[in-house]
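Asker: Protein sequences appear in the order of chains A and B. Residue 1 is where the first sequence starts when you use my numbering, and the numbers rise one by one after that. Residue 1 is where the second sequence starts when you use my numbering, and the numbers rise one by one after that.
Calculated from the structure, these hints are not laboratory results. Worth double-checking, as some hints may not be accurate.
[To be verified] Listed next, the in silico EDC-like pairs over lysine to aspartate or glutamate satisfying Cα-Cα at most 16 Å (straight line):
1) A:Lys-96 with B:Asp-171
2) B:Lys-51 with B:Glu-172
3) B:Lys-50 with B:Glu-2
4) B:Lys-74 with A:Glu-197
5) B:Lys-50 with B:Glu-166
6) A:Lys-250 with B:Glu-3
7) A:Lys-96 with B:Asp-207
8) B:Lys-51 with B:Glu-94
9) B:Lys-220 with B:Asp-44
10) B:Lys-13 with A:Glu-257
11) B:Lys-13 with A:Glu-258
12) B:Lys-86 with B:Glu-172
13) A:Lys-97 with B:Glu-94
14) B:Lys-15 with A:Glu-257
15) B:Lys-15 with A:Glu-223
16) A:Lys-97 with B:Glu-172
17) B:Lys-188 with B:Glu-164
18) A:Lys-97 with B:Asp-44
19) B:Lys-74 with A:Glu-257
20) B:Lys-13 with B:Asp-44
21) B:Lys-51 with B:Asp-194
22) A:Lys-253 with B:Glu-80
23) A:Lys-96 with A:Glu-257
[Stated by the list, open to error] From the structure, some residues in chain B lie toward chain A, with a derived Cβ separation under 10 Å:
24) Ile-76
25) Gly-129
26) Ile-131
[Unchecked claim] To spell it out: a stretch of chain A is covered by chain B in this simulated footprint if at least three of its residues, at any positions, have a beta carbon under 8 Å from a beta carbon of chain B; those stretches are:
27) 8 to 17
28) 98 to 110
29) 244 to 258
The C-beta atom is built at its ideal place from N, Cα and C for all residues, glycine as well.
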Amino acid sequence: MISLLKNLYNYRQMIFSLTHRELRGRYKGSVLGFLWTFLNPLLQMFVYTFVFSIIMRSKIEKYYLFLFVALIPWIFFSTCLTAGSGCVLYSGDMVKKIYFPREVLPLSFVTTAFVNMLYCFVVVFAVLIFSGWGINFFALLYLPIVLAVEFLLTLGITLFTSALTVYVRDLQHILSIFALAWQFMTPVMYSSKSVPEKYLFLFNLNPMTSVVDSYRSILYYKEIPHVRTLTSAVLFGVFFIVFGEIVFSKLQKGFAEEL
Amino acid sequence: MEEVISVSHVTKKFKVYFDKAPNLKDKILFWKRNRHETRTVLDDISFSIKKGEAIGLIGSNGCGKSTTLKLLTKIIYPTEGTISVKGRVSALIELGAGFHPDMSGRENIYINAAIFGLARKEIDAKLDGIIAFSGLGEFIDNPVRTYSSGMYMRLAFAVAINVEAEVLFVDEILAVGDAAFQEKCFQKLIEIRDKGTTIVIVSHSLDQIERICGRSIWIKDGKIQMDGKPADVHRNYMEYMDGRS
Chain A
1 MISLLKNLYN YRQMIFSLTH RELRGRYKGS VLGFLWTFLN PLLQMFVYTF VFSIIMRSKI
61 EKYYLFLFVA LIPWIFFSTC LTAGSGCVLY SGDMVKKIYF PREVLPLSFV TTAFVNMLYC
121 FVVVFAVLIF SGWGINFFAL LYLPIVLAVE FLLTLGITLF TSALTVYVRD LQHILSIFAL
181 AWQFMTPVMY SSKSVPEKYL FLFNLNPMTS VVDSYRSILY YKEIPHVRTL TSAVLFGVFF
241 IVFGEIVFSK LQKGFAEEL
Chain B
1 MEEVISVSHV TKKFKVYFDK APNLKDKILF WKRNRHETRT VLDDISFSIK KGEAIGLIGS
61 NGCGKSTTLK LLTKIIYPTE GTISVKGRVS ALIELGAGFH PDMSGRENIY INAAIFGLAR
121 KEIDAKLDGI IAFSGLGEFI DNPVRTYSSG MYMRLAFAVA INVEAEVLFV DEILAVGDAA
181 FQEKCFQKLI EIRDKGTTIV IVSHSLDQIE RICGRSIWIK DGKIQMDGKP ADVHRNYMEY
241 MDGRS
């Protein structure tokens, strides 16, 4: 594990340049360019807000804020879950020809999506301030922890899916359906308080529940996340990164032959 | 002298599928049809290379030379046995893999050197040397897609050879560029060998190997047939090849 980290540190320039290239190149050729980073989540927010506060008439105060603070972290996660699974497959040419620690590929994919999320958080803060909702700075101190935990969790899952996709290409298509189902099973559009007591146990098995709840505590309820929620998020994060790396390191030995 | 590369009892088998099921549906439906044969490319080979040695790997087509090189660079992994390579590795195997056609030669130097594990500062320090070696001059700021294939190879070669690796793998690429550039590459290879870089070359050109290497390994049908002074190994190899044709 330590030698892997050392190796990845040596390849930091590669991670950086892949991430940079991806961030710069993603919207090349589109008219609105970089604005899409913000437009995409904003448009999703309008659609969900329309459905949930006008049609379903949710009683949640300022529903759009309630949704927005959870939707941004969710989009990061689901982007990595669906598109991230192909990151090794689509770099097949490089994997077949040259050596570099293969972890670089999922790592730079997740980092790219993570940087995009951080940009979106600028919009989140702007909306929180200008809507008069405000920010609790003390609770905000916990935000970096939650961000780090979500990063680890997402990276772990992306390591797992991107390695498996090389062997089972169908996984990408399965995952896009799976991601949609997962979104509805996670309290993104509704509150985890409205989950019936008897199903609560199952909901807490979903690693994203505690992550999304933590974001919402800090930004929407303006309070420090519950110790139990935070602990379970950290445990899930650590579990998935270890699990993802174990699977990845086993499967990566066959990458060059499978691609 | 310290051992830099050690290969011990390495066997590499490839599965050759007669008709590979590309997706899940076919894999499940036709799992019985998923027949394959196992081909042994390398069969229990062992050798070790000391620091500063230059080795030539020779053998007829399909004997396992390139597979050995791919194993050494950790692109593929052995079925059995262990391989250890110490120090920073550079490989002149697939030149220009990872080049980005729309970016300039200069930007591609950064990307390509990063793939060899160099940090930005190290690249900054080597940049002028790389550009000078490539001989591309003012073309260095043009997009790589506008390069001729010779220019492309020269840039890739310049990056790979200036990485200052401790171990350098070379696969049949000394046919790069014109005669003058080839000679420059030769001189550079000899220069870095004398500085203590370990070099492994795969080539069909026995003359090239004799100029650079102090030892040759002849691989035949996945086994080491002979290992020793290039002159001796090559004489036997030539006799064997003459006997076959």
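Asker: All hints, please: hold or fail.
Answerer: Okay, the hints, checked on the actual structure:
no., hint, verdict
1, A:Lys-96 with B:Asp-171, "15 Å, holds"
2, B:Lys-51 with B:Glu-172, "22 Å, violated"
3, B:Lys-50 with B:Glu-2, "6 Å, holds"
4, B:Lys-74 with A:Glu-197, "52 Å, violated"
5, B:Lys-50 with B:Glu-166, "11 Å, holds"
6, A:Lys-250 with B:Glu-3, "28 Å, violated"
7, A:Lys-96 with B:Asp-207, "30 Å, violated"
8, B:Lys-51 with B:Glu-94, "24 Å, violated"
9, B:Lys-220 with B:Asp-44, "12 Å, holds"
10, B:Lys-13 with A:Glu-257, "11 Å, holds"
11, B:Lys-13 with A:Glu-258, "14 Å, holds"
12, B:Lys-86 with B:Glu-172, "23 Å, violated"
13, A:Lys-97 with B:Glu-94, "6 Å, holds"
14, B:Lys-15 with A:Glu-257, "9 Å, holds"
15, B:Lys-15 with A:Glu-223, "58 Å, violated"
16, A:Lys-97 with B:Glu-172, "14 Å, holds"
17, B:Lys-188 with B:Glu-164, "11 Å, holds"
18, A:Lys-97 with B:Asp-44, "24 Å, violated"
19, B:Lys-74 with A:Glu-257, "12 Å, holds"
20, B:Lys-13 with B:Asp-44, "11 Å, holds"
21, B:Lys-51 with B:Asp-194, "11 Å, holds"
22, A:Lys-253 with B:Glu-80, "13 Å, holds"
23, A:Lys-96 with A:Glu-257, "8 Å, holds"
24, Ile-76, "5 Å, holds"
25, Gly-129, "18 Å, violated"
26, Ile-131, "18 Å, violated"
27, 8 to 17, "holds (count 7)"
28, 98 to 110, "holds (count 3)"
29, 244 to 258, "holds (count 4)"
Against the hints set out earlier in the document, violations occur for numbers 2, 4, 6, 7, 8, 12, 15, 18, 25 and 26.
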